[in-house]
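Student: Spelled out from the first residue to the last, the chains are:
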Amino acid sequence: MHKLKPITPLGGTEPKVDSFPGLTITENPTRALASLSARLGHESDCATKARDLIGVDLPGPGQTAAGQTYSAIWIGPDSWMIDADHASHEILAAELKAAVGDTASVVEQTDGWCRFDVSGPAVCDLFERLCNVDIRAMQAGTATRCSIHHIGCYLWCHEAGTAFSVLGLRSSAGSLHHGLVEIAQAVCTA
Amino acid sequence: MNSQTNRLNGGLVDQGQSLSFTFDGKRYQGHPGDTLASALLANGVRLMGRSFKYHRPRGVLTSGSEEPNALVELRSGGRQEPNTRATVAELYDGLQANSQNRWPSLKRDVLSVNDLFSNFLTAGFYYKTFMWPKAFWEKLYEPIIRNAAGLGRVSGEDDPDAYDKGFLHCDLLVIGAGPAGLMAALTAGRAGARVILADEDFVLGGRLNAESFELGGMAGSDWAAQAVAELSAMDNVRLLPRTTVIGAFDHGIYGAVERVADHLPTPAEGQPRQIMWRIYSKRALLCAGAMERPIAFANNDRPGIMMAGAVRAYANRWAVTPHQQVAVFTNNDDGHRTAADLIAKGVQVSAVIDTRADAPAVEGAELFAGAQVIGSKGRLGLETVTIRTAQGFTRDIICGGLAVSGGWNPNVHLTCHQRGRPQWDENLAAFVPGETLPVGMSVAGAAAGAMSTHGAVQTGAEGAIAALGDLGITAKAGDLPQAEDAPVNLQPFWHVSEGKGRAWLDQQNDVTVKDVKLAHQENYVSVEHLKRYTTLGMATDQGKTSNMGGLAVMAEMTGKSIPETGTTIFRPPYTPVPMGTLAGRAVGRHFHPVRQTPSHKWATEHGAVFTEVGDWLRAQWFPQPGETHWRQSVDREVLQTRASVGVCDVTTLGKIDVQGADAAAFLNKIYANGFAKLAVGKVRYGLMLREDGIAYDDGTAARLAEDHFVVTTTTANAVLVYRQMEFARQCLWPDLDVQLISTTEAWAQYAVAGPNSRALLEKIVDDVDLSSEAFPFMACAEITVCGGCRARLFRISFSGELAYEIAVPTRYGDALMRRLMEAGEEFDVVPYGTEALGVMRIEKGHAAGNEMNGTTTALNLGMGRMVSKKKDCVGNTLSERDGLNMADALRLVGFKPVDANETVAAGGHLMNADGPVDAAHDQGYVTSAAYSPVLQSSIGIGYLKNGAERMGEVLRLANPLEGSEVKVEVVSAHFVDPEGGRQRA
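Same order as they appear, the protein sequences are chains Z and A.
Everything in the first sequence is counted per this note's numbering, starting at 1385 for the first residue and increasing by one.
Everything in the second sequence is counted per this note's numbering, starting at 402 for the first residue and increasing by one.
Simulated from the structure, these hints should not be mistaken for lab results.
Please note that the accuracy of each hint is not assured.
[To be verified] Quick list of in silico lysine-lysine cross-link-like pairs, DSS-like style, CA-CA up to 27 Å: (1) A:K529 to Z:K1481; (2) A:K1002 to Z:K1400; (3) A:K1078 to Z:K1389; (4) Z:K1481 to A:K1083; (5) Z:K1387 to A:K529; (6) Z:K1387 to A:K1002; (7) A:K529 to A:K1002; (8) Z:K1389 to A:K1002.
[What the hints assert, rightly or not] Incomplete in silico selection of chain A near chain Z, CB under 8 Å: (9) A626; (10) Q627; (11) A630; (12) P977; (13) T1144; (14) G1188; (15) V1209; (16) R1220; (17) E1223; (18) R1351.
[To be verified] Examples of chain A residues toward chain Z, derived with CB under 7 Å: (19) V555; (20) D559; (21) T667; (22) G671; (23) Q1060.
Even for Gly, the Cβ is constructed at its ideal location relative to N, Cα and C.
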């Protein structure tokens, strides 16, 4: 094990948790990410090999797919973000590359992003003041790109109406967190 | 005890509870449910403001958001809000309001002297009078006019409150919660559609709360309350009271302002004062109702003269009358309702003056059919009106209130926000929505010209059914509640010709019938010209009560019909929106998001001074104890780096991962210079051109594998270059197998520069041979550091020293910075910021954004040969344009002052040693300059005509802005180590 001690996107040694009546915002640095983009002409091979690794079909536009270990978010034509536990899959990109070979390009994206898990009954009240997504209509297992607090984000719905993750630029974690918390204070009244 | 002399019984106010408030410092009582206007009227206060231009005493005209007169300053300090309509300001305990545009007091206003000079202050007065001398306008005339005229004032203090923005989605947006809107929402809500019902009022129901007639066998207000209760219980319906839909925008998007906390002394902790909602609707049904219009007559602006529908609303909803004696002046049956309702409430109705000869009979008041009001009297408030009877006699009627009705105008505003034009309805003598409506919008109720309550509920239900039908949602037409269905019975009548004194059309802007006639006389006959020339329909109310009157007078003058005369353009917002609501949360330091570098925490701990580079915060320099000037810090950082080793966070530079079988071919087309043959494990400097041949961005590309490159860009252009590359990939060469993704954020990257950089890094890396033989200049490799942390190492140099850039996953960036500083202690390692970075690159003659400024070419940069002619690339052909390849083209060179004590200023222009100093003799300009602690002199780089051939020449560097002129010598731009031996060491 190397000697470099990681910090979270918000700069702490432990993830930050903010609780409000009806809402919890948790910084989540425990996920590894890698992008997967099919090479031209190898799209179906890529899909097959990725399915062999993940255990489920790669999702279509607006969708995500969850396997036992890995999840996938559609991020563009023939492109996905693959997600796995960081502690056990820090070198997710290498694992993925080994699985898909020359059928796809794989890029480590883990630390390109900060992730906040937002849950509770007030979650729709929160996001309807943060982004133009039809948050109340968003179904579990869907994800979309949006702008929150002027920051390009992915919004990932785990449970309709109650549990979402928002992924934004890691360098702007502080601003994104500020944006989430100030609106949480506005929508969560005791 | 009870000072509310004009409070009646009943109403929708809670007369069991009292609220205390002040107006101009005097304390009054009102009740929950009151507006400031209703509470003032209850207390016998009719005078509420002074007019814009003539400072005439004015009272409240309406009971709604269209109010032109009763504008007050609400609250104080940072929360002071000017031009608040007293008619929509909800009363709360402790409310503090002040009248505006008067001095020293509302009752005794010195500037009311303006009124005596009204003959000189007519339309166009400013344009005619203050034309010369020209210089007087800004210094003299404008300040005087601004002081004399105008509305409320802002306190100048920061607004302490927050404002939110939000986004809502629905199948059907119903705008307005009167009988039509409530019926529409009920119909759509019962069908299961996602419905939003927005209304500007704090009590939903619209005119149902203001009228005395029944709906569905119960009081209108009870029916409204019952409908609201049913809607509130539906999960698929969202009620937005206190929410004004301010504009209809593209694709069914509506803007709406919700006043969350305006009815409270201060917003609750964490709550915004207002929310600007963007509503994405599949369909919208406009149920905005109608607005009553006045009839202009001489001195029709006296406090106490009000709209008849407003007087009725005050009586029925707020249990208030403007006076115990009220007369009615009308041209239609609706005015008679006011008389009847007032009589029922025990108010004495002195007379009903109806312009129609066949006016219906009135019970309980004297009727003057075929009569007109030709004047009014009363200081600071109405005392009598003078009428001309049908028989030609004049008669004075004693009254402290006059309820005027000239008919009703459907609220077509939102139907016109996409440039639709309303159409004329002869029966109503009013404009109704035209055929071209914003996409997805339909109109119901009075807004559509259905003026009865039955018409409202019927068209509301039908409108909802039709709108949902378009969406494939079946809604059922339930039984409509029983409602009055009186026809509109009106004889158009716009202004009384007879009478001494001015007849006011636009009370907010002090525009009279005579002003419109003058505009006509001076040929400002187009309605848009009429508006600008007279100011009719400008300012906070945008002529809601006045435009029609103005149009009618203009039509009369031109001999055209009103529809031929036309209306001015309706534009959002429907009612005024505070600036704070438009800004939302993006204020102060949250105006834009901040991007922090991986070493931000460390840099903060070490006292870094930060600078903004786009959204990034970068350390600019690191002051040490004893350093009192930034130059001391920067000079030290430069000297120590060049003497030993320095570390700089360069994470902000864009990093784009380029992969695919055609990655090399792709980069060969993107960059001006060749990349196809770059060996794996090597880095190359690359220059990108724009399509027009101008230099775009520069950086490096490192080849990590045959099919894998990492491209770096400048910090400022990271997004632009990525976007340009995506465009090229998707649109220019879709047949190439290339995949792109940004990794800027994913890696923390540090420049480690200086003669001891290798020695320092050797302590960090895991078993990597860093010797020049094994890892030469421009090498790159994927390695591990600090006992196994994956990393990328590049041997590149911006400073001109032996240098590397080392990258680790961002989460380890903070730790790596600490480790580098710890390991570098023995070398006296120094962190350096962007300022030292800039000094060193200028000393080295490296181009940056100042040099690639959007006007310069590879040739100008001295990189003409890099534009390979063996291949094509973006910008290659157009870089060959004659104009970009003149014999005396600008060339990047260096400059030193002849006198070492003088300063080379960036931005200065170069002139020959002799001759004129002007644009015609311009020889070039200095793009970047710095003090070089190495050379102990100010230095600069910049562009000089035919510069490469002019080494040693002395020029004048002119800085006319600061009035300086410095003699400079043309030198090579490579001040330090021109042979490049150090970076290859």
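Student: So which of the earlier hints does this model not fit?
Tutor: Those not satisfied are hints 1, 3, 5, 7, 9, 10, 11, 12, 17, 18, 19, 20 and 21.
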